[in-house]
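*Asks:* Line by line, the protein sequences are chains A and B. Taken in order, the first sequence gives residues 422 to 814; the numbers are from this note's numbering. Taken in order, the second sequence gives residues 422 to 814; the numbers are from this note's numbering.
The set of hints was computed from the structure by calculation and includes no laboratory data. Only true hints are included.
Because identical chains share one entry, a pair is satisfied inside a single copy or across any pair of copies.
Straight line, CA to CA, 20 Å or less: simulated DMTMM-like cross-link-like pairs of lysine to aspartate or glutamate:
#1 Lys547 / Glu758
#2 Lys737 / Glu445
#3 Lys503 / Asp524
#4 Lys742 / Glu772
#5 Lys707 / Asp649
#6 Lys770 / Asp807
#7 Lys500 / Glu611
#8 Lys558 / Asp777
#9 Lys745 / Glu769
#10 Lys571 / Glu741
#11 Lys552 / Asp777
#12 Lys500 / Asp671
#13 Lys770 / Glu741
#14 Lys752 / Asp791
#15 Lys745 / Glu772
#16 Lys745 / Asp807
#17 Lys499 / Asp671
#18 Lys565 / Asp464
If you're wondering where the values come from, they're calculated on a predicted model, not measured in any experiment.
Number of protein chains: 2
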Amino acid sequence: MIMIKLEEALEIISKSSVELLGVERLLLENSLNGVLAEDVFTDMDFPSFNKSAMDGYAIQKIEIDKKLRVLEFIPAGKKPEKTIVSGTCSKIMTGAMLPHGADMVVMQEDVVVDGDFISVENLNSKSNILKQGEDLKVGSLLLKKGTHIKPVHIGLLASIGITEPLVYKQPVVSVFSTGNELVSPHQKPEPPKIRNSNSVQLVSLSNSMGAKTHNLEQVDDNMDLIFDTVKKALAVSDIVVLTGGASVGDYDFTADVFDRLKAETHFTRLAIQPGKPVLFATVEGKYLFGLSGNPVSSFVQFQLLVKPLLNSLVGKEAGEKIFKLPISIHKKRKKSERMLFFPIRINEKMEAEPIDYHGSAHLNAYQIADGMASFPMGINELKKGDIVDVRPI
Amino acid sequence: MIMIKLEEALEIISKSSVELLGVERLLLENSLNGVLAEDVFTDMDFPSFNKSAMDGYAIQKIEIDKKLRVLEFIPAGKKPEKTIVSGTCSKIMTGAMLPHGADMVVMQEDVVVDGDFISVENLNSKSNILKQGEDLKVGSLLLKKGTHIKPVHIGLLASIGITEPLVYKQPVVSVFSTGNELVSPHQKPEPPKIRNSNSVQLVSLSNSMGAKTHNLEQVDDNMDLIFDTVKKALAVSDIVVLTGGASVGDYDFTADVFDRLKAETHFTRLAIQPGKPVLFATVEGKYLFGLSGNPVSSFVQFQLLVKPLLNSLVGKEAGEKIFKLPISIHKKRKKSERMLFFPIRINEKMEAEPIDYHGSAHLNAYQIADGMASFPMGINELKKGDIVDVRPI
Numbered sequence: 422m423i424m425i426k427l428e429e430a431l432e433i434i435s436k437s438s439v440e441l442l443g444v445e446r447l448l449l450e451n452s453l454n455g456v457l458a459e460d461v462f463t464d465m466d467f468p469s470f471n472k473s474a475m476d477g478y479a480i481q482k483i484e485i486d487k488k489l490r491v492l493e494f495i496p497a498g499k500k501p502e503k504t505i506v507s508g509t510c511s512k513i514m515t516g517a518m519l520p521h522g523a524d525m526v527v528m529q530e531d532v533v534v535d536g537d538f539i540s541v542e543n544l545n546s547k548s549n550i551l552k553q554g555e556d557l558k559v560g561s562l563l564l565k566k567g568t569h570i571k572p573v574h575i576g577l578l579a580s581i582g583i584t585e586p587l588v589y590k591q592p593v594v595s596v597f598s599t600g601n602e603l604v605s606p607h608q609k610p611e612p613p614k615i616r617n618s619n620s621v622q623l624v625s626l627s628n629s630m631g632a633k634t635h636n637l638e639q640v641d642d643n644m645d646l647i648f649d650t651v652k653k654a655l656a657v658s659d660i661v662v663l664t665g666g667a668s669v670g671d672y673d674f675t676a677d678v679f680d681r682l683k684a685e686t687h688f689t690r691l692a693i694q695p696g697k698p699v700l701f702a703t704v705e706g707k708y709l710f711g712l713s714g715n716p717v718s719s720f721v722q723f724q725l726l727v728k729p730l731l732n733s734l735v736g737k738e739a740g741e742k743i744f745k746l747p748i749s750i751h752k753k754r755k756k757s758e759r760m761l762f763f764p765i766r767i768n769e770k771m772e773a774e775p776i777d778y779h780g781s782a783h784l785n786a787y788q789i790a791d792g793m794a795s796f797p798m799g800i801n802e803l804k805k806g807d808i809v810d811v812r813p814i
Numbered sequence: 422m423i424m425i426k427l428e429e430a431l432e433i434i435s436k437s438s439v440e441l442l443g444v445e446r447l448l449l450e451n452s453l454n455g456v457l458a459e460d461v462f463t464d465m466d467f468p469s470f471n472k473s474a475m476d477g478y479a480i481q482k483i484e485i486d487k488k489l490r491v492l493e494f495i496p497a498g499k500k501p502e503k504t505i506v507s508g509t510c511s512k513i514m515t516g517a518m519l520p521h522g523a524d525m526v527v528m529q530e531d532v533v534v535d536g537d538f539i540s541v542e543n544l545n546s547k548s549n550i551l552k553q554g555e556d557l558k559v560g561s562l563l564l565k566k567g568t569h570i571k572p573v574h575i576g577l578l579a580s581i582g583i584t585e586p587l588v589y590k591q592p593v594v595s596v597f598s599t600g601n602e603l604v605s606p607h608q609k610p611e612p613p614k615i616r617n618s619n620s621v622q623l624v625s626l627s628n629s630m631g632a633k634t635h636n637l638e639q640v641d642d643n644m645d646l647i648f649d650t651v652k653k654a655l656a657v658s659d660i661v662v663l664t665g666g667a668s669v670g671d672y673d674f675t676a677d678v679f680d681r682l683k684a685e686t687h688f689t690r691l692a693i694q695p696g697k698p699v700l701f702a703t704v705e706g707k708y709l710f711g712l713s714g715n716p717v718s719s720f721v722q723f724q725l726l727v728k729p730l731l732n733s734l735v736g737k738e739a740g741e742k743i744f745k746l747p748i749s750i751h752k753k754r755k756k757s758e759r760m761l762f763f764p765i766r767i768n769e770k771m772e773a774e775p776i777d778y779h780g781s782a783h784l785n786a787y788q789i790a791d792g793m794a795s796f797p798m799g800i801n802e803l804k805k806g807d808i809v810d811v812r813p814i
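Could you build the full structure based on these sequences and the hints that come with them?
*Replies:* Quick look at the structure:
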């Protein structure tokens with residue numbers, strides 16, 4: 422199969438995931454990082470009544486220069502009992518309901534109190550009234566379907582009484598690594614064995630996106646074992662991600678396993694570096710990824726391909742925000758037939774500052790990165806100050 | 422008490438939180454978003470042996486132009502059994518151990534196979550060997566104490582066998598709102614009552630920082646009730662955050678409650694807008710915040726003050742990253758004695774684009790914000806293109 426561009430791959434992923442996974446109601450406190458599955462509307466005006474913006478006295482504006490008798494004290498939450506008429510006022514607290522007759526609140530700092538009477542000292546006082554509905558009218562669209570629920574949205578949902586928001590169901594992702602060379606992270610590997618760091622890394626990447634996960638750890642390079650593992654994983658997952666075996670060597674079984682599952686394989690090679698050999702397939706409404714066995718490559722592949730699918734399946738914008746930043750140094754490369762991704766920090770001057778990076782074996786370089794910057798295809802040279810695309814990680 | 426600057430407040434918070442909350446070991450899969458409480462070092466070289474970067478044939482470089490007999494097949498994870506001597510080579514897979522005698526791997530695409538023999542076609546082939554220790558030597562510092570654990574760090578920890586990292590304990594935060602006007606989000610409030618959206622918003626803000634939380638909901642404006650609630654909350658929390666009653670009106674009990682608790686109150690008014698009345702106190706190694714009853718003000722106060730404390734208590738850099746971005750429009754204000762915060766989006770041109778914002782009652786404006794930008798004290802005017810500080814939210 423031919424090598425395709427990242428944009429084409431994203432188009433394929435996006436088209437294959439128009440069907441979402443369904444919806445569910447969550448308790449408000451558990452809905453953080455979920456995605457709203459319906460538009461929500463205000464059930465009252467905001468503010469829902471004329472209220473004071475200050476601690477002070479509710480008066481009639483035309484009487485600001487008169488001595489005024491205090492009728493009552495109106496704290497927040499208490500209904501005013503008296504109407505403000507000529508020669509009177511009421512003491513009022515921030516957030517309290519404005520009494521009938523009043524059209525102004527003078528701050529208590531602007532007032533001299535004399536027993537039951539007040540006189541206003543600052544005649545230029547503002548009205549200090551929050552008018553009913555001035556922020557939002559009843560029935561207004563408050564939050565759109567597709568909103569990624571952050572704490573501010575939790576507050577807004579609470580304020581309109583939505584204590585069990587309807588959200589899209591999060592996908593279930595099963596992850597495992599293939600390779601006879603892999604031992605559990607708990608073991609000390611004797612060369613030529615190495616620890617399987619890929620599974621737990623991909624599990625935590627998926628968790629950080631809100632997905633539910635199964636870590637199936639490691640499976641040997643054996644066609645039947647890999648086939649059985651994928652088949653079982655598909656029964657309990659929406660997405661199965663395996664690493665290793667994505668290339669075309671003697672031990673690269675991923676493509677064959679996908680075929681044997683009668684999955685439709687959409688691409689096998691992508692014009693990206695690192696991470697060229699990468700498989701994406703669909704079968705019976707489920708998704709299969711064959712990522713690289715190299716932890717840097719699989720990290721980059723996850724960011725570029727799995728993340729957009731996870732976003733898309735919960736009704737979010739598939740693509741993450743891409744920042745356009747000037748690169749802090751001159752940077753060259755020899756070949757340019759693939760899009761090259763390299764780790765960067767965002768420095769004080771808001772430049773993309775490349776991190777010393779030895780290539781795809783060097784996961785360590787990503788530990789201090791703020792994002793991945795990219796060399797576009799066909800470009801061999803970036804001059805200091807050239808604008809690069811930065812994907813936050 | 423006088424109004425102090427944000428910088429002074431942050432200095433106070435930082436000095437009062439030098440003592441951390443202790444450490445604990447978590448399972449690696451549960452340590453995402455935790456903070457490492459110790460330096461971690463590699464327990465082996467990376468790579469831990471000389472390995473092939475490609476699928477191909479391990480040869481002696483000086484014999485690249487000879488016909489070579491294939492001795493064995495070396496998949497990843499299998500120890501080579503034969504030494505490469507003159508006239509021989511071994512088939513080798515990516516990640517497999519280089520056999521003795523070999524100093525080069527030629528890619529299989531560059532080779533013609535003839536039975537048990539190969540000839541190399543591309544004599545300019547690279548060596549394609551990853552040398553033992555070329556990324557990291559055994560005993561190298563891999564991750565520093567204080568590292569905020571993201572998925573990439575989970576992968577790195579797994580790769581050096583740290584399956585139960587030592588992390589700082591997360592603080593426990595108790596939150597409640599004071600105010601007779603407040604009803605539960607579950608109820609439909611009759612004016613002049615309103616729903617309590619503050620508690621759940623502050624709880625989810627704290628959760629999003631990794632803290633454990635107790636939502637104590639609402640308490641009436643009653644000195645004794647508030648005192649009892651804070652006292653009980655302190656027994657099970659590191660931080661107690663209450664909202665409402667932070668000002669100096671008749672129903673503002675927060676300052677008195679803190680005094681009655683014999684807490685040391687460090688500040689009560691801050692030169693910020695919104696959010697001027699805000700209390701911070703400490704008592705017996707615990708922390709008290711009296712935030713505004715207004716959900717926008719308490720949101721801003723949380724971002725500016727509680728967030729740095731939560732960071733500081735788990736050994737992270739207290740301050741979040743501040744972005745320096747040009748503002749997209751001309752913006753003015755009348756008074757300049759406080760630092761003004763307003764919601765912005767980061768647009769395509771990487772400018773801070775102010776969001777239409779009616780002032781502190783208007784939480785809705787923050788729902789589409791990427792961050793808060795600020796007007797420094799003493800500045801009344803920002804010209805299009807002027808650089809502003811942007812705090813991501």
